[in-house]
Structures are given as structure tokens and as C-alpha cells.
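Undergrad: Protein sequence lines correspond, in order, to chains A and B.
Position 337, counted from 1, in the first sequence is what our numbering calls 337; the numbers after and before it change by one each time, with no gaps.
If you count the second sequence from 1, you need to add 1000 to reach our numbering.
Honestly, I wouldn't trust all of these hints.
[Said to hold, decoys possible] Straight-line distance between alpha carbons at most 25 Å, and here's what the computed DMTMM-like set of lysine to aspartate or glutamate pairs gives:
(1) A:32 with B:1012
(2) B:1054 with A:34
(3) A:137 with A:197
(4) A:22 with B:1133
(5) A:22 with B:1015
(6) A:14 with B:1139
(7) B:1007 with A:149
(8) A:14 with B:1121
(9) B:1114 with B:1019
(10) A:22 with B:1074
(11) B:1045 with A:34
(12) B:1045 with A:157
(13) A:14 with B:1133
(14) A:187 with A:278
(15) A:218 with A:190
(16) B:1054 with B:1073
(17) A:187 with A:157
(18) B:1117 with B:1160
(19) B:1165 with B:1121
(20) A:141 with A:190
(21) A:23 with B:1003
(22) A:14 with B:1104
(23) A:218 with A:195
(24) A:22 with B:1004
(25) B:1163 with A:6
(26) A:12 with B:1111
(27) A:22 with B:1037
(28) A:22 with B:1005
(29) B:1007 with A:157
(30) A:14 with B:1111
(31) A:218 with A:34
(32) A:14 with B:1033
(33) A:32 with B:1037
(34) B:1007 with A:104
(35) A:32 with B:1048
(36) A:147 with B:1003
(37) A:23 with B:1033
(38) A:218 with A:197
(39) A:23 with B:1005
For the record, the hints were derived by calculation from the structure and aren't laboratory data.
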Amino acid sequence: MNNLIEQLQALKGKIVFDEYRKKNIRNILIAKIENEESVKTVTLARHNNQGTNFLNFIFKPLKPMPIFAMLMIMTLAGGGISMAAEGALPGDLLYPVKVNINEEVRSTLTFSEEAVANWEARRAERRLEEAQKLAAKGEVKEEIRIKLEERFEAHADRVEARIEEIQARGNINAAADIASNFETSLKAHERILAEIESENESRSFSSAKGKVKPLTAKIKTEIDDVIKARVKLEHRIASEDGKPETKTAAEGKLKAASNVIASVRSFLEAKEEKLGAEAVIEAETKLSLAENMTIEGKAKIEIELYGEAFNLANKAIRTAQEARFLVEAENRLNLKFKLRIRGDSASEVKKEDASKDESILKAETRSETRDSERSNEEAEIRSKTEIEGGENEIKGDVKLKIDF
Amino acid sequence: MIDEDKKNKFLEAYDAYSDALYRHCFFRTFSRERAEELVQETFLKTWEYVSQDKEIANIRAFLYRVALNLIIDDSRKKKEVSLDALLAGSKNFQPPNNSHRIMEIQALFGEAMKGLKLLEEEDRNIIILRYVDDLGPGEIAEILGTNANVVSVRINRALEKLKNKTMYE
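Next comes chain A alone, as it looks inside the complex:
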């Protein structure tokens, strides 16, 4: 009998609350505390006290019953609302519904660690997309930007925490994949925001100057963090060369890399004539770099360095994606140029390019609902036409708005 007591006392010092998780939960608590406050004030204004009960119930820790109830609310009462909320931007009335109900429900319905990590990454991206849309409209208010930054950081930190956990559970390849993808997407968003920023700056009347700079700085720090995590993971992967499962993973990764390269290549070919020669060369160079990496990776497999092969494949994917973003960015610039020359047929060009270009922004195409996708594109195009309007005299023609 004393045995058990002794065992317990010997063990208790060994059970330690993981520092990372502890910090993570602390952040979740802070987020909840502040969230609740902001949502309460919104609904209080509209329904007086009735609203708080309803929302308190929604913010209770989620157990099966409330999840079910939340789904019921979403489908019965608020199906339309939550659909409509998907396209909401910070400052809109429905925005709290988007981030606190729609996204939270998704979160609670997501189970595997990897899926959770990917969903958190997606949420971070969604915040950046919102920032892009606001910036493109030139409507970035200080307090909204700060809120967006906070949310973005919270999601990005959660992604990093999840990567850490997935790694702790021994699934290093999956952790590396998530880190690698998140890194690429953050880089792309950072680039897009910087682009919007410089467009805004070129507008003499812009009130949006310098407004997204702090956010791009935040993205950069997150990119650094993710890169650190990724490099760490790659070291671990490289050290697991001998294992057969590393071999399968590496081979699969290399195949994926070849696919990505092929798809970017055909994308480039489709857009080639619209792009400047420099951009084509740059993209081509990146693609052949990526190709070399896969060849090198295959060679590594031959000499049984599976871990290194896996890392090379991931690097190839990242490089190919960079080429893709380059083409997309260049394509957008050219679209602007065309608008300037062909004022009359501007709307045609816009329509054509908007629908043909399956990813004006890579991340945007991943948006869940068609509604939000449409408004994305619309905002994007509108902002461009407005920029044109500011720059030249065929203003009237270019200001055409497209209704989808």
C-alpha cells in the first residue's frame, strides 16, 4: 500500500506542465477575456441584456452539446448571417460573428493536430487578407490595424506552438511541412502587403500611407520564427536518415515537389506573354533552381541520405512557390499597365483576367466561401481601378465597377 504513495511522490516531480503549452493557454485565456469584452459591447448596444446570455453561452468552453447547439444556431437562425459574415472586414457589424463564431466553430470541429495547425495558419492568413483588402481600399484605421495584428500574432503563435507539439509527438515530417507551407504563405502575404503599401505611397492623395508598415514588420518577425522552427526541424529530419519511413516520406515529398514545379511552369507559360522579360527570366531561374534541388534530392536518396532529400524537396517546393508568387505579382502590375492603355476595354480585360487567373492572390483562392472570394476580387480590382484613376486622365472609363 505504501508502495503507491511512494510511487506517487516519486512521480509527481516528473510531471511538469509544458512551458510552451502553459504560455499558449495563457494567451488563449487573454484572448477570450478580451474577445468577450468586445463582443459584449457590440451586442449590448443592439439587444440590451438578452444578447449577453446568448453570447456567454457561445463562449463557454466547448463541449459536445454546445458545439451541437452552436451548429444549430448557425444553421437555423444564423445560417445566412454566418455566410454573410464570411466576407466581413474588421469594423463591419458582422466581423465578430466571422472570427468568434464561424472560425471558432471550425476550430472546435477540427481534431487532428495537423488539421488544427493548418486551420490556425489559415486563420492567420485570413487576418492578413483582411488587412490587404482594407489597405487596398485605403481604409486602415489605427485601432483596427492593432486588433488585426494582435489576432494575427495570436494565430501565428498558435501555429508555432502546434508545430512544436507535433514535433514533440514525433511527427517531425508533418511539423516540417506545416512550417514550410506557413513560411511560404507568410512571405507571399508580406510581399503583397508591401506592394499595396508602395502603391498607396505613389498616390499623392492617399491617406493610407505607411499604415500597414507595422503589420509587415510583425509578419517579418513571424517569418523569422517560422524559419527558425523549420531549420530546427530540418536538422532533426536530417539526423533520421537511416529510417525506412524517412525514405518513403522523402520520396513522396520529391514527387510533390515535381508536381508543384510542373504546375508553376505551366502557369508561367500561360502568363509568359503578359510578363516582362526580366520577370520571366527570374521565374525561370527559380524554377530551374527548384528542379536542381529535386535532382539533388533524388541523388541523396541514392546514397541513403533520406532526411536531406526530404529537406531539399521542401526547399524546392518553397522556391517553386516563390516563382509562382513572382508571376502573380508581375501579372498584376501588367494588368494595371493594360488598363492604362486600353481604357475603353478595361472592364473586359479586368473580367477576363480576374476569372482566368485562378489565383490573383494564392491565399485568396483558398477562401472558403464564394462570397468572400468574390468580394476579394472585387476589392482588389476596385482598388486597382482607383489607383489608375488617380494617375491618369481616362478616369471615367477605368472607374467601371464590376458586379459579379
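For chain A, the structure is supplied; the task is to place chain B on it using the hints.
TA: Frame of chain A, contents of chain B only:
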């Protein structure tokens, strides 16, 4: 708008007691993940209470009470997980590096789990409060809403039961 003082006190409580609560939950559920979730739920529930301007005299006792209720809810929901499954699942319990030490701890852990399994939920609870959380009878009484004498008696009874059971093993 947010009552800063309230918020700070709450976060202080988190910093002070989350480790102990985690440990307690871990010994009750044998799952790292579940224990983490329980800690999170405990604090969320407690915040809900705090934010409604209700007074909490002893925050530690309150937190334990919330956690204990959540654990009981849990165990009612899913009946009996087999010990083997738990042992297999306890691989996610990994102190750093040194694989030899891990094995040792895991063996010890398996033993302790077998012992705990012999007890009824209530007794297990009180034993863990006493010997893992190192709480005195008075402190336990406060959590369970009873008095120190009753707690002492119950600890002794639990130990008796355990003795009898292990004798027949």
C-alpha cells in the same frame, strides 16, 4: 472597460496554480492532452464566474473544485478505458531525452496507475489531493466543502481499502 484588476488577479492565479492543477489532472486522466484541456476549461469556467462579478474567497480551492467537477463529468461520459490502452497512450508522456530514464519512469508510472485503478474515483481523488498535490486535510476540506476531520477519516479509509486490495493481489 475590462476590469484590469480582475483580469490581472485572474492571470496571477493562472501563473500560480496552473502547474499544480495540470499535475492533478494528469494523475486523474493519465493523458497529457486531456490534462491540458482540463486546465484550460477550468480557467475558462472560472473566468466566466469571475467576470459576472461573483466573489471567490479562496481562488485555489475554487479552481480545484471546478477541475474536480470537470473530471467527474469526464469519467461519467466515457466509461472505463482499459489499462492497456492507457499504458499505450502514456507514450505521450515524455520527459526529456535520456531513454533509459524514460523507461524507468514509465515503469514506475505503470505501477502507480495500476495502484490508482484499484481505488474508486472518490478515493483516488482524495489520495491524489493529499499525496500528489501535497494539500493538508484542512485545504482538501475547503475544496470538497467539508471539514478537516472528515477528510482525515476518508484518507485513512482509502489507504485501508488500498491495503486490503493489494493484499489479495
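Undergrad: All hints, please: hold or fail.
TA: Results for each hint:
1. A:32 with B:1012: 16 Å, holds
2. B:1054 with A:34: Distance ~19 Å between residue 1054 of chain B and residue 34 of chain A Cα, so the pair holds.
3. A:137 with A:197: Measuring from Cα to Cα gives roughly 11 Å; hence the hint holds.
4. A:22 with B:1133: Holds, at roughly 18 Å.
5. A:22 with B:1015: Satisfied, since the Cα-Cα distance of roughly 9 Å is no more than 25 Å.
6. A:14 with B:1139: At roughly 23 Å apart (the allowed maximum being 25 Å), residue 1139 of chain B and residue 14 of chain A satisfy the hint.
7. B:1007 with A:149: Holds: residue 1007 of chain B and residue 149 of chain A sit about 21 Å apart, inside 25 Å.
8. A:14 with B:1121: Distance ~23 Å between residue 14 of chain A and residue 1121 of chain B Cα, so the pair holds.
9. B:1114 with B:1019: 24 Å, holds
10. A:22 with B:1074: 22 Å, holds
11. B:1045 with A:34: Given pair residue 1045 of chain B, residue 34 of chain A holds - Cα atoms ~15 Å apart, limit 25 Å.
12. B:1045 with A:157: 23 Å, holds
13. A:14 with B:1133: 13 Å, holds
14. A:187 with A:278: 21 Å, holds
15. A:218 with A:190: 9 Å, holds
16. B:1054 with B:1073: 23 Å, holds
17. A:187 with A:157: 16 Å, holds
18. B:1117 with B:1160: Roughly 15 Å between the alpha carbons, so the hint for residue 1117 of chain B and residue 1160 of chain B holds.
19. B:1165 with B:1121: Holds. Residue 1165 of chain B to residue 1121 of chain B sits at ~15 Å (cutoff 25 Å).
20. A:141 with A:190: 19 Å, holds
21. A:23 with B:1003: 22 Å, holds
22. A:14 with B:1104: 12 Å, holds
23. A:218 with A:195: 16 Å, holds
24. A:22 with B:1004: Distance of about 21 Å is within 25 Å: holds.
25. B:1163 with A:6: At roughly 14 Å apart (the allowed maximum being 25 Å), residue 6 of chain A and residue 1163 of chain B satisfy the hint.
26. A:12 with B:1111: Within the cut-off at roughly 14 Å; holds.
27. A:22 with B:1037: Between residue 22 of chain A and residue 1037 of chain B the Cα gap is close to 11 Å, so the pair holds against 25 Å.
28. A:22 with B:1005: With a Cα-Cα distance of about 22 Å, the restraint between residue 22 of chain A and residue 1005 of chain B holds, given a limit of 25 Å.
29. B:1007 with A:157: Since the Cα atoms of residue 1007 of chain B and residue 157 of chain A sit roughly 22 Å apart, the hinted pair holds (cutoff 25 Å).
30. A:14 with B:1111: 15 Å, holds
31. A:218 with A:34: Within the cut-off at roughly 21 Å; holds.
32. A:14 with B:1033: 16 Å, holds
33. A:32 with B:1037: 15 Å, holds
34. B:1007 with A:104: 22 Å, holds
35. A:32 with B:1048: OK: residue 32 of chain A and residue 1048 of chain B at ~10 Å, within 25 Å.
36. A:147 with B:1003: 19 Å, holds
37. A:23 with B:1033: Holds. Residue 23 of chain A to residue 1033 of chain B sits at ~15 Å (cutoff 25 Å).
38. A:218 with A:197: Given pair residue 218 of chain A, residue 197 of chain A holds - Cα atoms ~15 Å apart, limit 25 Å.
39. A:23 with B:1005: Between residue 23 of chain A and residue 1005 of chain B the Cα gap is close to 20 Å, so the pair holds against 25 Å.
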